[in-house]
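A.B. asks: What follows is the residue order along each chain.
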Amino acid sequence: MSKEQKEAQAVMKQHMGLKASQRLSNTIVYIILIIMSIIWLVPFVAIVLQSFRNETNAAGELVTWRVSYWLPKKWGIENYRSLFVDTSFPRWYLNTFIIALVQCVVQTIIVLCMAYTLSRFRFKSRGKLMRFMMILGLFPGMLTMLILYRVLSDLNMTGEHAVPGLILVYVASSGMGYYVSKGFFDTIPKALDEAARVDGATRFQVLYKIILPLAKPIVIYTILTAFMAPWGDFVFAAYIAHAKEAGMNVAVGLNSWLDKDHIVKYYTRFCAGGVMVAVPVSILFMCLQKYYVEGVTGGAVKG
Amino acid sequence: MKKIDGLEYLKLSKWNKFVYRFLSFFAAIPGKLLNLCKGIGKAVVKFFTGIGRSLQDIVTTFVHGDWKTKLSYLFMGFGNIARGQVLRGILFLLFEIVFIFYMITTGGYWLSKLPSLGTVETHTEMVKEQGRFGMVEVAKTVPGDDSFKILLYGVLTLFFVVAFIYTWRANIKQNKIAEQILKTGKPLKSGRDDLRSLVDDNFHRTLLALPLTGILVFTVMPIFFMILVAFTNYDFEHDGLNHLFHWNGLAGFKEMLSWNSGGVKYSAAFGEILTWTLIWAFFATFTNYFLGIFVAMMINKKGIKFKKLWRTVLVLTIAIPQFISLLFVSQMFAKNGIVNGALMDLGIISEAIDWWGSPTLARIMVIIINIWIGIPYLMLIATGILMNIPADLYESCRIDGASGWKQFSKITLPYMLFITGPYLLTSFTGNMNNFNVIYLLTGGGPTNTALSGTSDVGHTDLLITWLFKLTTGSNQKYYLASVVGILVFIVVAIITLVVYNVLPSVKNEEDFQ
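These protein sequence lines map, in sequence, to chains D and Z.
Using the working numbering, the letters of the first sequence map in sequence onto residues 1 to 303.
Using the working numbering, the letters of the second sequence map in sequence onto residues 1 to 513.
Read the hints as simulated data drawn from the structure, not as lab findings.
Treat the hints with care, as some may be off.
Here are the simulated SDA-like pairs of lysine to any residue, each with C-alpha atoms no more than 25 Å apart in a straight line [what the hints assert, rightly or not]: (1) D:K290 with Z:M297; (2) D:K128 with Z:M297; (3) Z:K302 with D:M133; (4) Z:K406 with Z:L12; (5) Z:K307 with D:M133; (6) Z:K308 with D:V29; (7) Z:K173 with Z:G84; (8) D:K128 with Z:K308; (9) D:K244 with D:P217; (10) Z:K307 with D:K209; (11) D:K124 with Z:Q56; (12) Z:K42 with D:V293; (13) Z:K42 with D:F123; (14) D:K73 with Z:V498; (15) Z:K42 with Z:K406; (16) D:K128 with Z:L228; (17) Z:K305 with D:S125; (18) D:K19 with Z:G404; (19) D:K124 with Z:L87; (20) D:K73 with Z:E351; (21) Z:K42 with D:S125; (22) Z:K68 with Z:D200; (23) D:K290 with Z:G84; (24) Z:K32 with D:K290; (25) Z:K307 with D:L24; (26) D:K128 with Z:S116; (27) Z:K307 with D:V293; (28) D:K19 with Z:S330.
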């Protein structure tokens, strides 16, 4: 073997070694990812399994409580049927849907107004305003629940009539969440605005014709998050609904089934309800995932 | 500690360098705090000199102004109308009329009651009534003052008064400016100009009007109100309607913070919960952060296939409303839940584990489940940032023979930390107030028996969930809840200020545009 050949072989060997080590590390990564995926999926698989439980116990009662085994002994959609026929779940669903729909229109408009203004205009009190809002944000919002409840009950917007009350409060405070969108607007070059202004466009035209089309991802992100938030809101909604079934949203209603007195009768229906909420919301989310990722990575980090 | 210059610093050993940096960070804190105090002092001085200058200006404008201006001091908007700016003038005048009307009809009453928060308690009175057999005495409930309403509408009226004073001041300023413009011989803006400017030069006002009104009414005012509640004795017993509540000074703060207040140990509860809140926020933030970056790097690793699939699986936890996943996970780990069931079937454990029963285990569990919730977000964020790191940085690193760990610790991590500094801060404070995870998983439990009587404080309770318990439990202590809220604010504000002062990254937002 000549010297060159030997060298070439050595290089090859080293290369192969690298390859092998890379293959090894990739295998480890695959194993970790697979284990993670299982852990991440298990709860969702489990809740679906529980929701299809349709078995009776020795005494002939339908098993509606929590059991410690995974697979239903008998499958069926009884839980879903009874969910829609025997309980207030449809009402809760409708309540939440109405709130979500109004939210995603009004909140989007408000958030975009705030974000655009604070990103583009340099008016006198801008810095003060932003600092003030930041300080406001440091207060635990839960503190205001008490007084908001009293104000809303004076307006007859609590209990059974909680839906308009919830909408009012959500909408009114939605201006606080402008950071993400502002971060995104900041990334759109200001030169565009200035060029349009030089050409004689008003501020309104600049927003409508130039900025909004460019800001499509963040608009969709805002709509998406505004739509999803009401499905998960729990504390405030519970407080305003004040244990009146007609005024609850899904989160409050389903949670009320898990307390000591109800869980025996409602556990499997809770699972079914959870699936009913999770499926449409997550499908919507998955469809618009791209925009969500853009919003999170673009606006959220820089804030 | 001694300051050393750059050259001497470079001569130090690695360990000494670290010690030096560590110490100098803490040595700088007093100076920074001093600066902060100075800043606050300056702001206060500025505020008062501003008011002084305003007063001076009001007086000089009155002295030097013409009769139109002088009349405007009494009738807002008069000067505007007299000079042809009818629209502005009418708005000013209208505001004044509404204000005076409101103050006479109701506002004055609420303001007058505000210092006492009501004097007449609801009580029963013997009233003489015309019965069937002549006059009889009947017991009747006479509604008294409602402290809550007095405080609420008192605050509202105060806001209104401030708004009025501000508008009145603006009205005077306008007169002054109008006089000056007329002196130079230029025309004033007409009502039509004003309207047009609302979509152009003053477009920001149009855009901000609605959102800021909402924030003022539904965020600022309630917070102001609740701060005031901390200085009263508003609780379950003194609910304002049946029993009045009163101003109580700093008694609430004393009860919460003094270590020797007999009876119920709120101070002990506060200390314990604050400690756990900080521990929780630290672990919840940093475990998520580093594991999230780690997962993102794994998924983005060269040669890993199905990147989209892995991401989608993780993102599922974001897509599904948190209350469902959290509530269900909490049920899975119940003592007779399916996790114990599976573990026993597999023969790993022989006896069911009470996941939420022991304080330490419950605390570890909430942190672990929070990782399950949080990794996907961080994975998304980290993926976005990792892709932005210039590839040639790694290239040159590799040529120099740096190992994978070196690359991570010298390039990836510093870059991430630099970009995500502000995010880390907000997520730390967000975790301190992370109501959902704690409340839906454990409800604060297991109950801390050493602290009985303090609204069922549990071992996993954060300040925020305790606040909730204080306002909704069986024995509501609204003023204490309010005190807790203020203390949370102070803690969060201090952390924010300190971090912002040492953070290297984005301070100047204009740099980015």
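A.B. asks: Now look at each hint and say whether the structure bears it out.
C.D. replies: Consistency of the hints with the structure:
1. A C-alpha spacing of about 19 Å is found between K290 (chain D) and M297 (chain Z), which places the hinted pair at or below 25 Å, so the restraint holds.
2. The straight-line distance between the Cα atoms of K128 (chain D) and M297 (chain Z) is roughly 40 Å, outside the 25 Å bound, and the hint therefore fails.
3. This hinted pair does not check out: K302 (chain Z) and M133 (chain D) have alpha carbons roughly 43 Å apart, beyond 25 Å.
4. Among the hinted pairs, K406 (chain Z) with L12 (chain Z) is consistent with the structure: their alpha-carbon atoms are about 21 Å apart, no more than 25 Å.
5. At roughly 39 Å between alpha-carbon atoms, K307 (chain Z) and M133 (chain D) are farther apart than 25 Å, so this suggested pair is violated.
6. Distance restraint check for K308 (chain Z) and V29 (chain D): the Cα-Cα separation of roughly 15 Å lies within the 25 Å cut-off, and the hinted pair is therefore satisfied.
7. A C-alpha spacing of about 16 Å is found between K173 (chain Z) and G84 (chain Z), which places the hinted pair at or below 25 Å, so the restraint holds.
8. At most 25 Å may separate the alpha-carbon atoms for a hinted pair to count; K128 (chain D) and K308 (chain Z) exceed this at roughly 43 Å.
9. In summary, the hint linking K244 (chain D) to P217 (chain D) is not supported, as the alpha carbons are separated by about 39 Å, beyond the 25 Å threshold.
10. Distance restraint check for K307 (chain Z) and K209 (chain D): the Cα-Cα separation of roughly 37 Å exceeds the 25 Å cut-off, and the hinted pair is therefore not satisfied.
11. Restraint check for K124 (chain D) and Q56 (chain Z): the C-alpha separation of about 22 Å stays at or below 25 Å, so the hint holds.
12. Our distance criterion of 25 Å between C-alpha atoms is broken by K42 (chain Z) and V293 (chain D), whose separation comes to about 43 Å.
13. Proposed proximity of K42 (chain Z) and F123 (chain D) is supported: the alpha carbons are some 23 Å apart, at most 25 Å.
14. A threshold of 25 Å between alpha carbons decides the hint, and for K73 (chain D) with V498 (chain Z) the separation of about 58 Å lies outside it, so the pair is violated.
15. With a CA separation close to 46 Å, the supplied pair K42 (chain Z) and K406 (chain Z) exceeds the 25 Å bound.
16. Restraint check for K128 (chain D) and L228 (chain Z): satisfied, since their Cα atoms lie roughly 24 Å apart, inside the 25 Å limit.
17. With a C-alpha separation of about 52 Å, the suggested pairing of K305 (chain Z) with S125 (chain D) is violated against the 25 Å cut-off.
18. For the suggested pair K19 (chain D) and G404 (chain Z), the alpha carbons sit about 15 Å apart, so the restraint of at most 25 Å is met.
19. With a C-alpha separation of about 24 Å, the suggested pair K124 (chain D) and L87 (chain Z) falls inside the 25 Å cut-off, and the hint holds.
20. For the suggested pair K73 (chain D) and E351 (chain Z), the alpha carbons sit about 24 Å apart, so the restraint of at most 25 Å is met.
21. Taken as a hint, the K42 (chain Z) and S125 (chain D) pair is honoured in the structure, with Cα atoms around 18 Å apart against an allowance of 25 Å.
22. Under the criterion of a C-alpha separation no larger than 25 Å, the hint pairing K68 (chain Z) with D200 (chain Z) is inconsistent with the structure, at around 30 Å.
23. Between K290 (chain D) and G84 (chain Z) the CA atoms are separated by roughly 55 Å; this puts the pair beyond 25 Å, and the hint is violated.
24. Proposed proximity of K32 (chain Z) and K290 (chain D) is contradicted: the alpha carbons are some 43 Å apart, above 25 Å.
25. Simply put, K307 (chain Z) and L24 (chain D) have alpha-carbon atoms about 18 Å apart, close enough for the 25 Å limit, and the pair holds.
26. Straight-line distance between C-alpha atoms of K128 (chain D) and S116 (chain Z) comes to about 34 Å, which puts the hinted pair past the 25 Å bound.
27. The hinted pair formed by K307 (chain Z) and V293 (chain D) meets the criterion: a straight-line CA distance of about 15 Å does not exceed 25 Å.
28. Taken as a hint, the K19 (chain D) and S330 (chain Z) pair is broken in the structure, with Cα atoms around 44 Å apart against an allowance of 25 Å.
Hint compliance for this structure: hints 2, 3, 5, 8, 9, 10, 12, 14, 15, 17, 22, 23, 24, 26 and 28 are broken, all remaining hints hold.
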